[in-house]
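**Student:** Each chain, letter by letter, is given below.
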Amino acid sequence: MLKKQYLPIVITVCLLGLMFAAGSFRYTGFFSLQVLFNLLIDNAFLVVAAVGMTFVIVSGGIDLSVGSMIALTTMISATLVQQQGWPPAVVIPLVLLIGSLFGSAMGAIIHYFKIQPFIATLAGMFLARGLCYVISINTITIDNSFYTSVAQTKIMLPGGHFISISVIIALLVVIGAIYLAHYTRFGRNTYAIGGSEQSALLMGLPVARTKILVYTFSGFCSALAGVVFTFYMLSGYGLHAVGLELDAIAAVVIGGTLLTGGFGYVLGTFFGVMIQGVIQTIISFEGTLSSWWTKIVIGLLLFLFIVFQRLLSARRSVHKI
Amino acid sequence: MVKHHLFWPLTVLGALLLFNLVYSPAFFRIELRNGQMYGSLIDILNFGAPLILVAIGMTLVIATKGIDLSVGSVVAISGAIACLLISKGADQNAFGLVMLAVAVALALSVALGIWNGLLVSVFGIQPIIATLILMVAGRGVAQLISGGQIITVNSETYNYIGAGALGSLPFAIYVVLIVLLVASLLTRRTALGMFIESVGGNPTASRLAGIRSRAVMFAVYIFCGLCAGVAGLLLSSNVSSADGNNAGLWYELDAILAVVIGGTSLNGGRFYLMGTVIGALIIQTLTTTIYIIGVRPEITLVVKAFVVLIVCLVQSEAFRKTLVQRFKMRKYPLEQEVKRHA
Amino acid sequence: MKKEQGPILTMSGIHKRFPGVKALTDVSFRLFPGEVHALMGENGAGKSTLIKVLTGVYAIDSGEIELSGKTVHIGSPQEAQLAGISTVYQEVNLCPNLSVSENIFIGREPRRLGKIRWKQMHAEAKKLLEDRLQLHIDVTKPLHSYSVAVQQLIAIARSLNISAKVLILDEPTSSLDRNEVKQLFQVMNNLKAEGLAILFVTHFLDQVYEISDRITILRGGEFIGEYAASELSRIELVSKMIGKAFVELDQLPKVRGTASKELSDVTAEAVQLGRKGAIEPFDLRIHKGEVVGLAGLLGSGRTELARLLFGADRSDEGILSVHGATKAIGSPRQAIDHGIAFCSENRKTEGIIEELTVRENIVLALQASRGWFKTISRKKQDEIADEYIKAININPPNPEHLVKNLSGGNQQKVILARWLLTEPKLLILDEPTRGIDVGAKAEIQKLVLSLSDKGMSVLFISSELEEVLRVSDKIAVLRDRNVVKVMTDDELSQQQVMQAIAGG
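Line by line, the protein sequences give chains L, V and H.
Residues 1 to 321 in the numbering used here are what the first sequence spells out, letter by letter.
Residues 1 to 342 in the numbering used here are what the second sequence spells out, letter by letter.
Residues 1 to 504 in the numbering used here are what the third sequence spells out, letter by letter.
In case anyone wonders, no lab produced these hints; they're calculated from the structure.
Any given hint could be a false lead.
[As the list claims (entries may be wrong)] 25 Å max Cα-Cα, derived BS3-like pairs, lysine-lysine: (1) H/Lys192 x H/Lys70; (2) H/Lys126 x H/Lys192; (3) H/Lys390 x H/Lys348; (4) H/Lys348 x H/Lys404; (5) L/Lys114 x V/Lys88; (6) H/Lys425 x H/Lys454; (7) H/Lys485 x H/Lys240; (8) V/Lys65 x L/Lys114; (9) H/Lys425 x H/Lys390; (10) H/Lys348 x L/Lys114; (11) H/Lys126 x H/Lys141; (12) H/Lys70 x H/Lys127; (13) H/Lys446 x H/Lys390; (14) H/Lys404 x H/Lys390; (15) H/Lys348 x V/Lys321; (16) V/Lys321 x H/Lys404; (17) H/Lys454 x H/Lys380; (18) H/Lys126 x H/Lys115; (19) L/Lys114 x H/Lys374; (20) H/Lys380 x H/Lys425; (21) H/Lys404 x H/Lys425; (22) H/Lys441 x H/Lys240; (23) V/Lys65 x H/Lys348; (24) H/Lys404 x V/Lys65.
Note that the structure is predicted; figures quoted are calculated from it, not measured.
Only chain L is shown next, with the shape it has when bound in the complex:
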């Protein structure tokens, strides 16, 4: 039997199926596994970033620094690998560490100084973006053999289809995050805080630690998304991933997560990203439609999902009385 709490995610999946079906009927060459795999390949970094965002939003916060953090990661990776000649084996763990620390710093500021997540991560967004330019205002192209080989490796699947290493990373992150969200205390505490921070406090849960960890995890995911993005673009540039935080937030909301916190699924976010990908693909197949329709459609979906959530929560509060 279908449980009520899975309703939003079911809607998301149905929507994805519907869109994919519509695309398949309309355009020849749309209905193929490779189109699906390309969705994954092109959006792997967004999946990773949106997973981190899911945790933040479930905890009742928001993280605007995601896009900038990705840019900063590409920038640091590019300079260190390309200009300083550091080995990728050092650089990648280093950028992941930097991302995590960046996230924990924001989390600490948010928790201890009671500064709204929106503002604290806005400062983080400015800072990360600015630091990119401190490093360089130009694009730094990467021709390091490790990066290029990762970027070019096609993992062949039966039927002549292929995916990239980034897709594997993204899928691992999704699976790991699902485990984290549903089978660990950290995950459950995140949901508890999103449901009611005061209750969580009175129930004796480690609120401070969890909140900081949530932003740490989001910072880690952004940095990892940055690494994946580096594979994808093979360059570091301060203008990479501008506005990506909005895409991530949209994916999370379309995936059925409540923007007010406490409810949502990592898997939903994954499908949310896929929906955005399908919209883009349809628009590119359409040919006559231009890319900005993506934003309009995503805005429309955001509206529908937010109003839907609002209605659901309104009914819930009626039920309480």
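Use these hints to put chains V and H onto chain L, whose structure you have.
**Tutor:** Below, chains V and H alone, put in the same frame as chain L:
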């Protein structure tokens, strides 16, 4: 004097100007060419005009405990629709055509403000979430209007709004003054200002005092949309073109920053229009200064990051308490914790 | 009762001060295993402070807490839980978005190698609820899909699971209906039989006598006494809570009475007005120039009644007429337009706008009823502010002072001024003298009397019975969300009113 709400913003602005005085005296030079004034100071006012406008609208929204993330998109839409209409006209210089374009752009901005107001005050959606929708979709709409390209217009009449001069000062400065005047009159000469501060300060008590808080909220979002619309006109007419993709990018963030620097709290309540104007001028001066001293302009972002952080920390009660507690013995932090939530 | 076991919890000589307030003065409290012990007291008696001390939210200034014979120091809610003291609040402090079983186990989920074992958790939760609370529900559903009553039982289950020795139930029944209360009491009796010590806080006298073994009474932060429920009559209980022995009370001069007045015009009349879950349908008639007092214990429905008249909450049945014409009052705005004003008991959250000045707070309601554009000129505002500051002695007498910096009494006067300025026909005052000093109290009482002499009707709500008696022409007594009696003239004696409050 230190207590006056304009003290800190003015001090910061003064310090920035002082720095320029020492570093590049040319900063203060104002030349008169063809009867029009030129110079860095004039540039700051001129280029800062759109930001000041957006920030004025944002101030009122923030005073009601709200926020409007969609202003940047509205700026882009307003510029795009005005330029589109003018570019389609037979005689782009025709006064009537330009007026029509301006009217349509402003009407559209008001409509977008109504949309935001509807979501916030009628549907009861959190402002940050409600306005996020238009922030995302609005960019697309702007690009839709401009067909994804930069629409260039060849209209001296339109160009006058953003780049012309009245007397010896840029026309844009007058536009800002008018909007500021209207906003001040509207809020300080009518009861609207008191209602806004009351609703932002304590929504429940305001309702019990008989204030129609929904109407108040509606009004501020509409006004904010209108301000953003005017800013979009200034911005696009200044360069005689509309770029749906980049016009007004980051404006929401700069505007929020200007409001906060100006002394208006993000928690709503008291608002300071003059403070906001000075806040916006600080941001613009900062940008110009960084440009003048030859540091890459992009570094502004890093400086901004620290400004945001410092201003918010100073406003944060928790932060001040922590500082005080450094001197005193720590006392049951949990007590405050629970009290705050209760 | 198994007193022979000795108390599981003993509190002695507890003192707790807040800046400017003595919240608890030399309070003692004992709790035995296998008993339900009611903690009674009016507003400001110190009940909630005592509970917060027990649960580690507040630290005590001096005194001793012994648990199972050992002195304990309770530093935080977590420590309280670990020591075996659990609390269930009226507003359930659980996470509504999580499943029932998680709410019971979160923080202590059964795990293997760090992985939460959901199946085991659900099974244990189900067993716990069924065995000890006779509650048969789907534990995998989110908490918010159940009623408050069930949520409270789940909160109790969580406490039991942390091996509670002492269970504190803080006004658990306030939002429950009759059957739900019955179910809760059943559970309480079972737990009592298992030897659990239960501290029960409620405002409902019937419930106290139905379930409690013993009663401890606090008043004004002081310990009044500990009694066996069977040996304390209702009227004694009420008088101890309210604070005067009868003899003393009857000697107080009766100030008011309708006899002196000619009552012709009806200002407002409620006929079978009611709201589900807030107040049962009631009739009330308020005449011109009459002061109607509402007497009753905290939680008896006084505030709810007032809010209905003012449109702060919508009524769902009955008729309200103002000056003889039936009005549908759905919002404060409409009520104000009909000449009704309401000073809420929650000064801070529902009264003042902290960030605004005294002047702005005073003119707010008048300005609101005039709308945006018919502005009261600044000059006029200053005049008004000065006039009221003088008339009702607002201190400091500076209209530009921020209202948050005023004392409670002066804040109250500012709100009074706000409403007087609108020249209401009916002024509703909900606990206008709570938490303010004696001088200011007397001033407010005098003001009420002079207003009524000028023809204003006043609905006066207070927990202090003497005060209500002093100012009222007529008193409506509330008990358990019902208007049980409307008393006038010669009926207006302390004893009579108290009897009506106590009921039974």
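**Student:** Checking one constraint from the list: CA of H/Lys425 to CA of H/Lys390, max 25 Å. Satisfied?
**Tutor:** holds, 23 Å
**Student:** What's the verdict on H/Lys404 and H/Lys390, does the C-alpha distance respect the 25 Å limit or exceed it?
**Tutor:** Between H/Lys404 and H/Lys390 the Cα gap is close to 19 Å, so the pair holds against 25 Å.
**Student:** Please work out if H/Lys348 and H/Lys404 have their alpha carbons no farther apart than 25 Å.
**Tutor:** OK: H/Lys348 and H/Lys404 at ~9 Å, within 25 Å.
**Student:** Is H/Lys70 close enough to H/Lys127, meaning Cα to Cα at most 25 Å?
**Tutor:** Distance of about 33 Å is beyond 25 Å: violated.
**Student:** Just to be careful, I want the Cα atoms of H/Lys390 and H/Lys348 compared with a cutoff of 25 Å; is the pair within it?
**Tutor:** Holds: H/Lys390 and H/Lys348 sit about 23 Å apart, inside 25 Å.
**Student:** Is V/Lys321 within 25 Å of H/Lys404, Cα to Cα?
**Tutor:** The hint holds at about 19 Å.
**Student:** Against the 25 Å threshold, does the CA-CA distance of H/Lys485 and H/Lys240 hold or violate the hint?
**Tutor:** Holds. H/Lys485 to H/Lys240 sits at ~22 Å (cutoff 25 Å).
**Student:** If you draw a straight line from the CA of H/Lys126 to the CA of H/Lys141, is it 25 Å or shorter?
**Tutor:** holds, 12 Å
**Student:** Hint check: H/Lys425 vs H/Lys454, CA-CA at most 25 Å. Holds or violated?
**Tutor:** Holds, at roughly 11 Å.
**Student:** Can you confirm whether the C-alpha distance between H/Lys454 and H/Lys380 stays at or below 25 Å?
**Tutor:** Holds. H/Lys454 to H/Lys380 sits at ~24 Å (cutoff 25 Å).
**Student:** Given the hinted pair L/Lys114 and H/Lys374, is their Cα-Cα distance within 25 Å?
**Tutor:** Violated - the C-alpha atoms of H/Lys374 and L/Lys114 are around 40 Å apart, more than 25 Å.
**Student:** Holds or violated: V/Lys65 with L/Lys114, Cα cutoff 25 Å?
**Tutor:** holds, 16 Å
Checked against the numbered hints listed earlier, the structure breaks hints 5, 12, 19, 21; every other hint is satisfied.
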